[in-house]
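A.B. asks: Quick mapping for you: the protein sequence lines, in order, are chains A and B. Numbered per this note's numbering, the first sequence spans residues 1 to 371. Numbered per this note's numbering, the second sequence spans residues 1 to 371.
If you're looking for bench data, these hints aren't it; they were derived computationally from the structure. Some clues are possibly wrong.
For chains that are exact copies, the list does not tell them apart, and a pair is met inside one copy or across any two.
As the list claims (entries may be wrong) - Each computed DSS-like pair below joins lysine-lysine, with the alpha-carbon atoms no more than 27 Å apart:
| no. | residue 1 | residue 2 |
| --- | --- | --- |
| 1 | K138 | K233 |
| 2 | K6 | K64 |
| 3 | K39 | K64 |
| 4 | K251 | K318 |
| 5 | K197 | K267 |
| 6 | K125 | K6 |
| 7 | K125 | K64 |
| 8 | K301 | K138 |
The structure presented is a predicted model; accordingly, all values stated were derived computationally and were not measured.
Protein chains: 2
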Amino acid sequence: MRIETKTAHFTNPLYLESGRILEPYDIRYETYGELNEDKSNAIWVTHALTGSHHAAGLYENENKPGWWDGLIGPNKAINTDKYFVICSNVIGSCFGSTGPMSDDYSNHSPYRYKFPVITIKDMVKAQRILLDSLGIYKLEAIIGGSMGGMQALQAAVDFPNLANKIFAIATTSVTRPWAIAFNKVAQEAILEDPAFKKGYYDPEDIKANGLVGLAVGRMAGHISFLSPDSMDKKFGREYKRNDGLYELFGKFQVESYLEYNSYNFTKWFDPLSYLYITKAINIFDLSRGYDSLEEALANVKSDVHLISFQSDMLFEPKESKEVYDIMQKLHPKEQSHYLNVESSYGHDAFLVEIEKFEHYIKEALDGREEK
Amino acid sequence: MRIETKTAHFTNPLYLESGRILEPYDIRYETYGELNEDKSNAIWVTHALTGSHHAAGLYENENKPGWWDGLIGPNKAINTDKYFVICSNVIGSCFGSTGPMSDDYSNHSPYRYKFPVITIKDMVKAQRILLDSLGIYKLEAIIGGSMGGMQALQAAVDFPNLANKIFAIATTSVTRPWAIAFNKVAQEAILEDPAFKKGYYDPEDIKANGLVGLAVGRMAGHISFLSPDSMDKKFGREYKRNDGLYELFGKFQVESYLEYNSYNFTKWFDPLSYLYITKAINIFDLSRGYDSLEEALANVKSDVHLISFQSDMLFEPKESKEVYDIMQKLHPKEQSHYLNVESSYGHDAFLVEIEKFEHYIKEALDGREEK
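Chain A on its own, in the form it takes in the complex (with noise of 0.2 Å):
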């Protein structure tokens, strides 16, 4: 598989929801496979909250492939020797798009604060005018789950014309207190931080030793995206060490799995982007700007197909029925389809159960007879 990674650069002004200007900016993305001729086998997949570009793929020296390693690649459920795919790190993220800590051009030192709030739709649309510059005016499809479903609903509704088919997996159309309030420990924990500073502190530092705020945080953001059930499934209550139950400091697994996932992570996500991209899924909401979200529905032409998990309780499955019920009520019933995938494995499933939901993926790519 042919893997690019490429950075875009752009001087023409970004023009935000909240009115302010972004400019110039940054996206880096990532290609897999070859795009035809004429330009139609795109499909576009959008990433979560820490992902990034490196959706699929291994790079030398590199141990942990992309993302959605499991679903992209030659002969999986996106087929990247029938497609080419596409992935972009968003804006206000920390992998090479232009983020809060990227250079203000104006004074040439990091935005920090001065950097704009960004939303779902301010996303989608810097990645159009990506897809744009490439000579990418139709997809196939857009696919991706949690912020990445988001994004793909947003730009359902925004362009209505770019893709033929949208795959929002576990996913919403408005953000719930409940994602709302898991977040706000997050943030909490990172603006509290005296190594912080405000917002000043040195990236080079917080890059060599980690940042303990947005550690609290992240085991915060692990638990949201698990369940009980998940939790007993994969921790039960065994103690990870030797520790002896009645040492204050012993540990369950699951302290140590929060521990360690928690840690590792703030060596590489930057906490300002924490900050800021927390802040678009907190105040995404589908419906802004309409009346309603039947409203907002009533533009999208793709055919939509959403995928919840039961037991996914940060956006739940009765998140994406809503979605599918005014899909149908508003459009012909084949343009919408739901899937419900039984799993326990709470909303980390879109990633870690790909079995689950591959073939239905693949399926209504390539439709059911391939050959």
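Let chain A serve as the given structure and place chain B on it in line with the hints.
C.D. replies: This is chain B only, laid out in the frame that chain A set:
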């Protein structure tokens, strides 16, 4: 209603489950109503993680009554005209019973980390000794919610002849990783707060200014006490202040709720006590010391009433149901009773939806036909 608040001082060593010893120790307790002549009308109420001995009534100059005031009082479900109610602060806590910030008499300075790990069994044992000291050898009932319910169950197993009736509300027989994970966020946030000074903080300073880490951790706690649906109902997507949507620090109502309650909490709760009590909750396992939960519950002679709440995710209904099912199998059917309350308030329901189970408790205590 007559309220008395006292401190009992014990010089005999308390032998802890860990093998360690606590001596001497104090237990702060409060009583409501009058103990009858043969001392047969006592009800022991047990408190939750951040609760105290102040379960009911309103002190002078106090705005808020005790934490279960809706349930305890003249003619209330736990009728103080009829019963003598006693509630004591658990050891390890910070409201007058011996805890990690109490003076270690051997060197006249606070225990801090020298304080031994306390278990639910230890809490029960200490309170049992208090009852003994008051000449109360038989209780009409033990009633508690959450960690209070753990104590009630533990007492039923450890002291089968102590109480006629046990009410274990919104609780479990063994703490699951979901609950442990939320406690982990809090513990980590406390431990890593520089102002915590690795446990060597100045208690006056911490009381005056509050510990941010404790606030962050408490936010996670508040999430665990609610549920996605209860948050929808309680907060929706309302904005608390007139912040703009596109301001990075604009606040949804749920965020203001978490901030207000969590920072307020740091003014009245001690961070080391939070570490020790969450530890006690994490390692709670009613079957410890037995081959199985069945074997532990075989001891029980009291009537056991289990009450759960449909939307409680911290201690799910099925966890109460499991205890009930085993009780039904082991003992005469009429010895155990299970009420699952329809509620969308999550774990908080045991404190805020008293109207949904007070009648049940009143009837179980006083009988169906009251004069």
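A.B. asks: Indicate, hint by hint, whether the structure satisfies it.
C.D. replies: Taking the hints in turn, this is what the structure says about them:
| no. | hint | result |
| --- | --- | --- |
| 1 | K138 to K233 | neither (43 Å within a copy, 41 Å between copies) |
| 2 | K6 to K64 | within (20 Å within a copy, 61 Å between copies) |
| 3 | K39 to K64 | neither (30 Å within a copy, 68 Å between copies) |
| 4 | K251 to K318 | between (36 Å within a copy, 26 Å between copies) |
| 5 | K197 to K267 | both (17 Å within a copy, 24 Å between copies) |
| 6 | K125 to K6 | within (19 Å within a copy, 66 Å between copies) |
| 7 | K125 to K64 | neither (30 Å within a copy, 51 Å between copies) |
| 8 | K301 to K138 | within (13 Å within a copy, 73 Å between copies) |
This entry does not satisfy hints 1, 3, 7, going by the numbered hints stated previously.
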